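Engineer: Keeping their order, the protein sequence lines are chains A and B.
Note that the working numbering gives residue 30 to position 30 of the first sequence, counting from 1, and the numbers run on in steps of one.
Note that the working numbering gives residue 238 to position 238 of the second sequence, counting from 1, and the numbers run on in steps of one.
You may find that some hints are simply not true.
According to the in silico footprint, chain A covers these stretches of chain B (three or more CB under 8 Å from chain A) [as the list claims (entries may be wrong)]:
(1) 38-50
(2) 72-84
(3) 92-104
(4) 123-132
(5) 140-150
(6) 188-195
Listed next, with one range per pair, are the computed distances between beta-carbon atoms [what the hints assert, rightly or not]:
(7) B:Gly19 - A:Asp41: 33 to 39 Å
(8) A:Asp41 - B:Leu146: 32 to 38 Å
(9) A:Ala43 - B:Met144: 21 to 27 Å
(10) B:Asp152 - A:Gly7: 36 to 42 Å
Derived lysine-lysine pairs resembling BS3-like cross-links, with alpha carbons at most 30 Å apart [unchecked claim]:
(11) B:Lys237 - B:Lys155
(12) A:Lys32 - B:Lys87
(13) B:Lys87 - A:Lys37
(14) A:Lys8 - B:Lys237
(15) B:Lys87 - B:Lys155
(16) B:Lys155 - A:Lys37
(17) B:Lys237 - B:Lys87
(18) A:Lys32 - B:Lys237
(19) A:Lys8 - B:Lys87
Derived from the structure by calculation, the hints contain no laboratory data.
What you are looking at is a predicted structure, and each value in this text was computed from that prediction instead of being measured.
All C-beta atoms, glycine included, are put in the ideal place defined by N, C-alpha and C.
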Amino acid sequence: MDLLSMGKYGFYVWTSFALTGFVLTACVVQAKRRHRKVLHDIARQHQIMESE
Amino acid sequence: MWTFFHKLASPPHFYSLAGRMTPWFAISGTLLIVYGTISGLFLAPADYQQGDAFRIIYVHVPAAYLSMMGYSIMAISAGIGLIWRMKLAHAVAAGVAPLGAWFTFLALVTGSIWGRPMWGTWWEWGDPRLTSELILLFLYFGYMALRASIDDVSKADRASAVLALVGAVNVPIIHFSVEWWSSLHQGPTLIRAEGPAIDGPMLYPLLAMIFGFTLFFGALLLMRVKSEVLFRERRSKWARRLLSDGAH
Numbered sequence: 001m002d003l004l005s006m007g008k009y010g011f012y013v014w015t016s017f018a019l020t021g022f023v024l025t026a027c028v029v030q031a032k033r034r035h036r037k038v039l040h041d042i043a044r045q046h047q048i049m050e051s052e
Numbered sequence: 001m002w003t004f005f006h007k008l009a010s011p012p013h014f015y016s017l018a019g020r021m022t023p024w025f026a027i028s029g030t031l032l033i034v035y036g037t038i039s040g041l042f043l044a045p046a047d048y049q050q051g052d053a054f055r056i057i058y059v060h061v062p063a064a065y066l067s068m069m070g071y072s073i074m075a076i077s078a079g080i081g082l083i084w085r086m087k088l089a090h091a092v093a094a095g096v097a098p099l100g101a102w103f104t105f106l107a108l109v110t111g112s113i114w115g116r117p118m119w120g121t122w123w124e125w126g127d128p129r130l131t132s133e134l135i136l137l138f139l140y141f142g143y144m145a146l147r148a149s150i151d152d153v154s155k156a157d158r159a160s161a162v163l164a165l166v167g168a169v170n171v172p173i174i175h176f177s178v179e180w181w182s183s184l185h186q187g188p189t190l191i192r193a194e195g196p197a198i199d200g201p202m203l204y205p206l207l208a209m210i211f212g213f214t215l216f217f218g219a220l221l222l223m224r225v226k227s228e229v230l231f232r233e234r235r236s237k238w239a240r241r242l243l244s245d246g247a248h
């Protein structure tokens, strides 16, 4: 358990690493979402073109 | 050589190449980050001055390095885009901005979390390193806001490229701030004339984290630029073919 307590700095160390995990995950989620949106927009645009 | 660059700059070729490269960057980056995190948190010895709080450098240093590397990539690509009217370069600049902003945010917050127990303050207004890094965040925000405010892509490219280039002066200021002015922030640890001021068991996790973060950043950048290229080429034949083939 000593290993996890990080001396008296547990709060600071764990917050930093948790935040890092969050930011890296958020970057992946955002990038994927952006790509899906572009694909979706193109698909819709083609539907409009075909219906004209 | 030139045919390689020519092919690379062709949107459909770049798109498929980037798609194939992304998993390699993502997997190797993730593995290095996992190794660096475990060894940085549990195997590296505590610092004799900073105790366990020093472990925050394992996320702070790579984030800060990539915040500046991201801006350099953005400014150089924007410059190439302006001078040689290369669309792919503008797409790289537009793709790297949100990533750079995230990593700048991470560098600022982890630095602040480290500063609280070490310096006794979350933030010090007027400190050159802290202030110039905060300006970096605002430059990324400004760049993205400017792009978002202009509908025409090529106009947005040119206007935002000028902003990126003007703001580039901030990057060396961040880098040298700890030498030019007196700063709370400590001086460089790794890149020094006398060699790294950090020993093996502490150093290896840091190197793993720096390379891991860089590869992971590379994967994110490839994903972002892919989307950027596809959006710009949305009316092209290859984009349509991609979609009818069940694109991903």
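Engineer: For each hint, tell me whether it holds in the structure or not.
Structural biologist: Cross-check of the supplied hints:
{"no.": "1", "hint": "38-50", "in the structure": "holds (count 3)"}
{"no.": "2", "hint": "72-84", "in the structure": "violated (count 0)"}
{"no.": "3", "hint": "92-104", "in the structure": "holds (count 4)"}
{"no.": "4", "hint": "123-132", "in the structure": "violated (count 0)"}
{"no.": "5", "hint": "140-150", "in the structure": "violated (count 0)"}
{"no.": "6", "hint": "188-195", "in the structure": "violated (count 0)"}
{"no.": "7", "hint": "B:Gly19 - A:Asp41: 33 to 39 Å", "in the structure": "violated (19 Å)"}
{"no.": "8", "hint": "A:Asp41 - B:Leu146: 32 to 38 Å", "in the structure": "violated (22 Å)"}
{"no.": "9", "hint": "A:Ala43 - B:Met144: 21 to 27 Å", "in the structure": "holds (26 Å)"}
{"no.": "10", "hint": "B:Asp152 - A:Gly7: 36 to 42 Å", "in the structure": "violated (56 Å)"}
{"no.": "11", "hint": "B:Lys237 - B:Lys155", "in the structure": "holds (23 Å)"}
{"no.": "12", "hint": "A:Lys32 - B:Lys87", "in the structure": "holds (22 Å)"}
{"no.": "13", "hint": "B:Lys87 - A:Lys37", "in the structure": "holds (21 Å)"}
{"no.": "14", "hint": "A:Lys8 - B:Lys237", "in the structure": "violated (61 Å)"}
{"no.": "15", "hint": "B:Lys87 - B:Lys155", "in the structure": "holds (12 Å)"}
{"no.": "16", "hint": "B:Lys155 - A:Lys37", "in the structure": "holds (22 Å)"}
{"no.": "17", "hint": "B:Lys237 - B:Lys87", "in the structure": "holds (17 Å)"}
{"no.": "18", "hint": "A:Lys32 - B:Lys237", "in the structure": "holds (23 Å)"}
{"no.": "19", "hint": "A:Lys8 - B:Lys87", "in the structure": "violated (52 Å)"}
Checked against the numbered hints listed earlier, the structure breaks hints 2, 4, 5, 6, 7, 8, 10, 14 and 19; every other hint is satisfied.
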